[in-house]
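Student: Protein chains in written order, with my numbering: chain D, 1 to 361; chain H, 362 to 619.
These aren't lab readings, by the way, just hints derived from the structure by calculation. Honestly, I wouldn't trust all of these hints.
Cross-link-like lysine-lysine pairs, in silico, DSSO-like; alpha carbons within 30 Å at most [claimed, not checked]:
{"id": "1", "chain 1": "D", "residue 1": "129", "chain 2": "D", "residue 2": "233"}
{"id": "2", "chain 1": "D", "residue 1": "129", "chain 2": "D", "residue 2": "162"}
{"id": "3", "chain 1": "H", "residue 1": "556", "chain 2": "H", "residue 2": "377"}
{"id": "4", "chain 1": "D", "residue 1": "298", "chain 2": "D", "residue 2": "233"}
{"id": "5", "chain 1": "H", "residue 1": "569", "chain 2": "D", "residue 2": "210"}
{"id": "6", "chain 1": "H", "residue 1": "377", "chain 2": "D", "residue 2": "210"}
{"id": "7", "chain 1": "D", "residue 1": "306", "chain 2": "D", "residue 2": "240"}
{"id": "8", "chain 1": "D", "residue 1": "210", "chain 2": "H", "residue 2": "558"}
{"id": "9", "chain 1": "D", "residue 1": "239", "chain 2": "D", "residue 2": "162"}
{"id": "10", "chain 1": "H", "residue 1": "563", "chain 2": "D", "residue 2": "210"}
{"id": "11", "chain 1": "H", "residue 1": "558", "chain 2": "H", "residue 2": "529"}
{"id": "12", "chain 1": "D", "residue 1": "181", "chain 2": "D", "residue 2": "272"}
{"id": "13", "chain 1": "D", "residue 1": "357", "chain 2": "D", "residue 2": "331"}
{"id": "14", "chain 1": "H", "residue 1": "619", "chain 2": "H", "residue 2": "559"}
{"id": "15", "chain 1": "D", "residue 1": "181", "chain 2": "D", "residue 2": "5"}
{"id": "16", "chain 1": "H", "residue 1": "379", "chain 2": "H", "residue 2": "369"}
{"id": "17", "chain 1": "D", "residue 1": "210", "chain 2": "H", "residue 2": "619"}
{"id": "18", "chain 1": "H", "residue 1": "369", "chain 2": "D", "residue 2": "210"}
{"id": "19", "chain 1": "H", "residue 1": "559", "chain 2": "H", "residue 2": "376"}
{"id": "20", "chain 1": "H", "residue 1": "376", "chain 2": "H", "residue 2": "563"}
{"id": "21", "chain 1": "H", "residue 1": "569", "chain 2": "H", "residue 2": "376"}
{"id": "22", "chain 1": "H", "residue 1": "376", "chain 2": "H", "residue 2": "556"}
{"id": "23", "chain 1": "H", "residue 1": "559", "chain 2": "D", "residue 2": "210"}
{"id": "24", "chain 1": "H", "residue 1": "376", "chain 2": "D", "residue 2": "210"}
{"id": "25", "chain 1": "D", "residue 1": "283", "chain 2": "D", "residue 2": "308"}
{"id": "26", "chain 1": "H", "residue 1": "379", "chain 2": "D", "residue 2": "210"}
{"id": "27", "chain 1": "D", "residue 1": "357", "chain 2": "D", "residue 2": "279"}
So the chains spell out like this:
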Amino acid sequence: MSEVKLMKGNEAIAEAAILAGADAYFGYPITPQSEVIEYLMVERPEDRTGMVVLQAESEIAAINMVYGAAGTGKKVMTSSSSPGVSLKQEGISYIAGSELPCVIVNVVRGGPGLGTIQPSQADYFQSTKGGGHGDYRLLVLAPASVQEMADFVDLSFELAFKYRNPVMILSDGVIGQMMEKVIMPKQKTRLTNEEIIEQYGDWATTGKPKTRERNIITSLELDPYRQEAHNHKLQAKYKKMEENEVRYEMINCNDADYVIVAYGSSARIAQKTMEMARKKGIKVGIFRLITLFPFPMKEINALADKVKGFLAVEMSAGQMIEDVRLAINGKVPAEHYGRYGGVIHSPEEVLEALEQKIIGG
Amino acid sequence: MDVKEIIKPENLVYKKTKLMTDAPLSYCPGCGHGTAHRITMEVVEEMGIWEDTIGVAPVGCSVLAYDFMNIDMTQAAHGRAPAVATGIKRVWPNKYVFTYQGDGDLAAIGGNETIHACNRGENIVIIFVNNGIYGMTGGQMAPTTLPGMKSSTSPYGRDVKTMGFPLKMTELVAQLPGTHYVTRQAVHTPNAVRKAKKAIRKAFEIQKENKGLAFVEIVSNCNSGWKMEPVDANNWMVDNMFPYFPLGDIKVDGELVK
Ligand SMILES: Cc1ncc(C[n+]2csc(CCOP(=O)(O)OP(=O)(O)O)c2C)c(N)n1
Ligand code: SF4
Ligand SMILES: [Mg+2]
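With the rest of the complex left out, here is chain D (with noise of 0.2 Å):
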């Protein structure tokens, strides 16, 4: 039996990360997700798995850190919150195109610029529309709780090294902060050198030998017709993820009359709401998002036969709804409600933005 633990949101990433049998972690302190580097300081993994730590220059930096060792076969992690999310952009686009598994934390604080360092879901569009420059995608895994934080980790690399794609775990302030109970996973052994040689020896570089042709970790492609037939090879991944990998969760959507789409705290906050709508009589349930990329279009579109509306719920001022309208395309009113720029609504303010928005509406 493992012991149930309590800890923060951005500790359980953390050790999460060397349970997971991480190689590497390269990150840069940022408000709300500093725990993590620090945890893992304190805990000196390199003596506990050999896994590295290193605190880089920069969020840039770090994640061309990620992208080098990523190249190598390694299990790689960065974190970061909005701002230091926002510099990493190009690496990101960069690990993308060279098709690279590694794994990329957001605890998303209040922005556009600086911004807050509360707690946010304003980076849906970058962290599921691409972000940084060209066709690219992101598998999006969104936490709801400390025991997810902790579950995703070993999820998101096991995706990144099915797809060779970089995942986000898209968390948020709340999550990273709060603390629940938690049961850690338990130990994977990293792969030894020779163990990664013999399984990405075909892409990965980590020297050539006699015995395989030389490999190249590049995103370079001059001819146009050569380029853009890697971007349809992209493309086909992608496409795979979105018939494979679609993650969510459906509560009380039986019997429902309205259902909540939420992600993240929302959908933590979205769970009293319909507890209180159910007191009054009202029959919500709740759709939680899980994979923001893959979305849920079928599942969500096939709800929107069942149900008289759909209120989208998020802490930004109206990123998820465009897929959720997309999803219903139509078929029944979807409206969005949320407090943003770091400041969290409560379920009675979503309470309230169901009856006046969607059935009052």
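With chain D's structure known, arrange chain H with the ligands on it following the hints.
Tutor: This is chain H with the ligands only, laid out in the frame that chain D set:
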């Protein structure tokens, strides 16, 4: 005499290193990049470390270095090669890792990555080809462009009052405790090539001994960007670049020279 009679082992005076591919070099005739590539690969071959060497290519004319260097390589974003090399070296400390970068890449956009990799004393080799200009993008001003020197973005000559002074990145990183060996070389004459190759060899030997960062600047030409014939470009380099960027060792065994 028939050609076949000449092609005999005893008549062999020069052989291309097997660590250079047969891909035609994309460099302008007379450009120093090709020679800098070759001597780097010769060193890797002579040390017998090619199976354990990982190179990092920059953004600049040498962005395609991985087409020419016959080893595993990673192409880094503009200026980020020292960070990329750090990532590789930290997870494969027993491999040889080097970056190959131009002056725009290393001294402008990548100034921060360069300084910090040097300051951490990463056990990597940095080969820095300084041609005083942005060759690849068509001859714009670089941080190393000389005072008064014309480029497409300093068409009346670099005015140091508004455009700043040429940056001596090599002297700068020599000040940092993390660098073990810092030198400035050239590849415009056979003698200079021999010296530069020796310096690169020394740099890789330092990496072998885990002594810290070894930094080899190669002052080079850009006849296309400078709008000169190759020979004129080399002469101009000797007359104008070398006084500002004097050749020779700047730091040896972790100690500044004199
Ligand atoms: C982020 C980014 N900014 C600008 C460029 C355009 N660019 C490509 S190469 C280059 C300058 C390269 O000059 P240098 O490093 O001196 O190399 P050289 O071509 O002279 O060898 C620039 C500005 C780019 N590719 N990426
Ligand atoms: S543009 Fe300049 S640096 Fe680039 S290949 Fe030509 S001569 Fe060399
Ligand atoms: Mg240059």
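Student: So, for every hint listed, does it hold in this structure?
Tutor: The hints, checked one at a time:
| no. | hint | result |
| --- | --- | --- |
| 1 | D:129 <-> D:233 | holds, 18 Å |
| 2 | D:129 <-> D:162 | holds, 21 Å |
| 3 | H:556 <-> H:377 | holds, 19 Å |
| 4 | D:298 <-> D:233 | holds, 23 Å |
| 5 | H:569 <-> D:210 | holds, 22 Å |
| 6 | H:377 <-> D:210 | holds, 19 Å |
| 7 | D:306 <-> D:240 | holds, 28 Å |
| 8 | D:210 <-> H:558 | holds, 25 Å |
| 9 | D:239 <-> D:162 | holds, 14 Å |
| 10 | H:563 <-> D:210 | holds, 26 Å |
| 11 | H:558 <-> H:529 | holds, 22 Å |
| 12 | D:181 <-> D:272 | holds, 19 Å |
| 13 | D:357 <-> D:331 | holds, 16 Å |
| 14 | H:619 <-> H:559 | holds, 21 Å |
| 15 | D:181 <-> D:5 | holds, 5 Å |
| 16 | H:379 <-> H:369 | holds, 19 Å |
| 17 | D:210 <-> H:619 | violated, 45 Å |
| 18 | H:369 <-> D:210 | holds, 27 Å |
| 19 | H:559 <-> H:376 | holds, 18 Å |
| 20 | H:376 <-> H:563 | holds, 22 Å |
| 21 | H:569 <-> H:376 | holds, 26 Å |
| 22 | H:376 <-> H:556 | holds, 19 Å |
| 23 | H:559 <-> D:210 | holds, 27 Å |
| 24 | H:376 <-> D:210 | holds, 20 Å |
| 25 | D:283 <-> D:308 | holds, 10 Å |
| 26 | H:379 <-> D:210 | holds, 13 Å |
| 27 | D:357 <-> D:279 | holds, 19 Å |
Violated hints amount to a single one, hint 17; each of the other numbered hints is respected by the structure.
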